[in-house]
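**Student:** Residue strings, one per chain:
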Amino acid sequence: MEIWHIVGIGLTATALSLLIKHERPDFAFLIALIAGVVIFFIVLDDVLKIIALITELARRAQVNTLFLATILKIVAVAYIADFAAQISRDAGESSIAGKIELGGKIVILLMAVPIIEALIETVLRLIP
Amino acid sequence: MRPEIHTLFVVAAIGIITGMLHSVLRQVGRDDWAHWVTIVGFVIVLYMVAGYLQSLFQHLQRVFHFY
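Chains as they are written, first to last, in this note's numbering: chain F, 1 to 128; chain C, 1001 to 1067.
The set of hints was computed from the structure by calculation and includes no laboratory data.
The structure displayed is predicted, hence computed values, not measured ones.
Be aware that one or more of the hints could be misleading.
[Said to hold, decoys possible] In silico negatives: residues of chain F with every beta carbon more than 12 Å from chain C:
hint: 1; residue: 3
hint: 2; residue: 12
hint: 3; residue: 45
hint: 4; residue: 73
hint: 5; residue: 80
hint: 6; residue: 84
hint: 7; residue: 86
hint: 8; residue: 93
hint: 9; residue: 95
hint: 10; residue: 96
hint: 11; residue: 99
hint: 12; residue: 112
hint: 13; residue: 115
hint: 14; residue: 127
[To be verified] Examples of chain C residues lying across from chain F (beta carbon under 8 Å, computed):
hint: 15; residue: 1015
hint: 16; residue: 1018
hint: 17; residue: 1054
Ideal placement from N, C-alpha and C gives every residue a C-beta, glycine not left out.
I would like the entire structure built from these sequences, with the hints used as guidance.
**Tutor:** In structure tokens form, the structure reads like this:
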């Protein structure tokens, strides 16, 4: 059960961050960053299993592999942009967080262009 | 390079130590040295964090089939 590890690391990082925040806010920011990375590495194996399951389901349903790869990339971009934006917002830089989110949204939209094109082609084929 | 829980304690310890050194050096009257200690501690931890972030990005690219 990894949830105990995750909760323990989260609470420990929160305690350390509170301990240090008055004297050195810059180190509190770095502690939050490391806690995020550590928690991601804990859930990494489970994410691998879930992605294997989704890939197997897509293979059985004969979904185009381009779509699956695009969706996985979009999930990764969304995760990493959200990670950075939350940490920037915690450090008190809401405007930088907003720019990171804007960049993530634009990258996701760019990645979704092939899917949207396929969708439009399908719709146009349905219209006589 | 997988970060573990003890890296959190290492970072917190470096933060506390640089904070103490900062206040001690400022009490003594060496304000410039206090700032240098702060900067060096921050750069050391930033270097560690940069390595961990690099490994995070590499694992993300591997897990989500980015290639």
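**Student:** None of the hints should be skipped; say for each whether it holds.
**Tutor:** Cross-check of the supplied hints:
no. : hint : in the structure
1   : 3    : holds (15 Å)
2   : 12   : violated (6 Å)
3   : 45   : violated (10 Å)
4   : 73   : violated (6 Å)
5   : 80   : violated (6 Å)
6   : 84   : violated (10 Å)
7   : 86   : holds (14 Å)
8   : 93   : holds (16 Å)
9   : 95   : holds (22 Å)
10  : 96   : holds (16 Å)
11  : 99   : holds (18 Å)
12  : 112  : holds (15 Å)
13  : 115  : holds (16 Å)
14  : 127  : holds (34 Å)
15  : 1015 : holds (3 Å)
16  : 1018 : holds (7 Å)
17  : 1054 : violated (10 Å)
Checked against the numbered hints listed earlier, the structure breaks hints 2, 3, 4, 5, 6, 17; every other hint is satisfied.
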